[in-house]
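K.L.:
The lines below spell out each chain.
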Amino acid sequence: AQSVSQHNHHVILSEAASLELGCNYSYGGTVNLFWYVQYPGQHLQLLLKYFSGDPLVKGIKGFEAEFIKSKFSFNLRKPSVQWSDTAEYFCAWGYGQNFVFGPGTRLSVLP
Amino acid sequence: NAGVTQTPKFRVLKTGQSMTLLCAQDMNHEYMYWYRQDPGMGLRLIHYSVGEGTTAKGEVPDGYNVSRLKKQNFLLGLESAAPSQTSVYFCASSYSTASYEQYFGPGTRLTVT
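So the protein sequences, as listed, match chains A and B.
Take -3 as the starting number for the first sequence in our numbering and just add one per residue.
Take 4 as the starting number for the second sequence in our numbering and just add one per residue.
Same shape as in the complex, but just chain A (with noise of 0.2 Å):
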């Protein structure tokens, strides 16, 4: 089955330290990569997207991606975290009409 593994369950860092969350898929078909974020109490949003094209991708809120077809990656970073950045992130992989999620990542920014 395909799957989508996310490297760390937990990631604690102090404000303005930077940050890089790693993300592997297990097939190298058509790639639509997705990373979303889940504040506390809150629904999943789309923080960004990948399809083709450039493989800097570049979100909202100063994050950013970058797709490594041969390592089958697509990471996500961000240069100064800040407290508001505490939350879940969940790296996901869209293929024919399927979705599949990694585990996420919980993120603690410590002030």
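By construction, these hints were calculated from the structure, which means they are not laboratory data.
Just to be clear, a hint being listed does not mean it is correct.
[Said to hold, decoys possible] Examples of chain A residues lying across from chain B (beta carbon under 10 Å, computed):
#, residue
1, 3
2, 5
3, 28
4, 30
5, 34
6, 38
7, 41
8, 45
9, 84
10, 86
11, 87
12, 92
13, 99
14, 100
[Claimed, not checked] Here chain A is said to cover these stretches of chain B; the calculated rule only asks that three of the stretch's residues, wherever they fall, bring their Cβ under 8 Å from a Cβ of chain A:
#, stretch
15, 42 to 51
16, 104 to 116
Every residue, glycine too, gets a C-beta built ideally from N, C-alpha and C.
Given chain A's structure and the hints, the job is docking chain B onto it.
P.N.:
Coordinates of chain B only, in the frame set by chain A:
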């Protein structure tokens, strides 16, 4: 636009009881999805629909049924609830195939005792 709405927001059931969760979207989306979210397991797809009158099984369909009688509504039913179905349920919709962004509802927190 309300986007994607879900009712109810919270529910407590006893084992063996049945219930229906309602999802409605006002974006004229073709695709609709039901997920469950459990700690450490992310979102798992229960069932999905690619259009009015069609449904398909996802990753974890056992114990659930769905119906899509109207394009804007997607119902998730539990015929005989079990404690293993305690979870947060999210509905989502998208314009077309999985290459399109999904829009999520606020979730329903279900506890089965």
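K.L.:
A separate judgement is required for each hint: does it hold in the structure or not?
P.N.:
Hint-by-hint comparison with the structure:
1. 3: violated (14 Å)
2. 5: Where the cut-off is 10 Å and the nearest Cβ of chain B is about 7 Å from residue 5/A, the hint holds.
3. 28: Interface hint status for residue 28/A: holds (4 Å vs cutoff 10 Å).
4. 30: With a closest approach of 7 Å, the residue 30/A hint holds.
5. 34: holds (9 Å)
6. 38: holds (8 Å)
7. 41: holds (7 Å)
8. 45: holds (6 Å)
9. 84: holds (9 Å)
10. 86: holds (6 Å)
11. 87: holds (9 Å)
12. 92: holds (6 Å)
13. 99: Holds - the Cβ of residue 99/A comes within 10 Å of chain B, reaching about 4 Å at its closest.
14. 100: holds (5 Å)
15. 42 to 51: Coverage by chain A holds for the stretch 42 to 51 of chain B (7 residues, Cβ < 8 Å).
16. 104 to 116: holds (count 6)
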